[in-house]
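Chemist: Sequence:
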Amino acid sequence: MRIIIDADATPKSVLEICREAATQLSLTVITIANFNHRIDSKHHIVVGNAPQEVDMQIMKLTLKGDIVVTQDWGLAAMVLSKGAAALSPTGRIFNPNTIDFFLEERELKAKYRRCGGKTKGPAKRTLNDDKNFIKSLYMLLENCNT
Numbered sequence: 020m021r022i023i024i025d026a027d028a029t030p031k032s033v034l035e036i037c038r039e040a041a042t043q044l045s046l047t048v049i050t051i052a053n054f055n056h057r058i059d060s061k062h063h064i065v066v067g068n069a070p071q072e073v074d075m076q077i078m079k080l081t082l083k084g085d086i087v088v089t090q091d092w093g094l095a096a097m098v099l100s101k102g103a104a105a106l107s108p109t110g111r112i113f114n115p116n117t118i119d120f121f122l123e124e125r126e127l128k129a130k131y132r133r134c135g136g137k138t139k140g141p142a143k144r145t146l147n148d149d150k151n152f153i154k155s156l157y158m159l160l161e162n163c164n165t
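Residues 20 to 165, numbered by our numbering, are exactly what the sequence shown covers, in order.
Be careful, since some hints might not be right.
DSSO-like, lysine-lysine: derived pairs with alpha carbons at most 27 Å apart [as the list claims (entries may be wrong)]:
1) K101 x K154
2) K130 x K31
3) K61 x K79
Hints are computed from structural coordinates only; laboratory data are not their basis.
Please take these sequences and the hints and turn them into a complete structure.
Modeler: Printed below as a string of structure tokens:
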């Protein structure tokens with residue numbers, strides 16, 4: 020089991036939480052980001068700036084039993100299909116039974132925006148987001164180890 024992080028948009032606090040958990044449990048943390056991001060990580064992979072390049076690299080690396088941290092619902096759906104777990108930086112555990120709903124919602128919002136509509140962006144990160152992330156990460160780590 021490894022923790023693989025879509026590091027293009029993952030908050031620094033989430034990176035640190037993952038590092039601490041990995042140290043406690045002797046796991047490897049792999050971060051992946053395009054060359055526009057400076058990530059200090061022992062196992063960091065830099066990719067180009069093309070669309071979806073980080074996602075493609077994550078898909079190549081992900082194995083059954085890994086935990087992938089991402090905000091990208093499409094990437095979450097793909098790693099779930101490989102038998103990995105997917106977790107958002109706010110602590111949402113993506114579930115294979117409900118991921119279709121999230122993808123449909125994403126498509127409806129994109130269609131609305133293409134027609135000139137405005138949608139809200141993500142809320143500002145809070146300490147509760149870190150607490151939720153810690154709780155969810157350790158729950159996944161415990162479930163994957165049993």
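Chemist: Which hint numbers does the structure go against, in order from smallest to largest?
Modeler: Going through the list in order, the structure violates hint 2 alone and respects the others.
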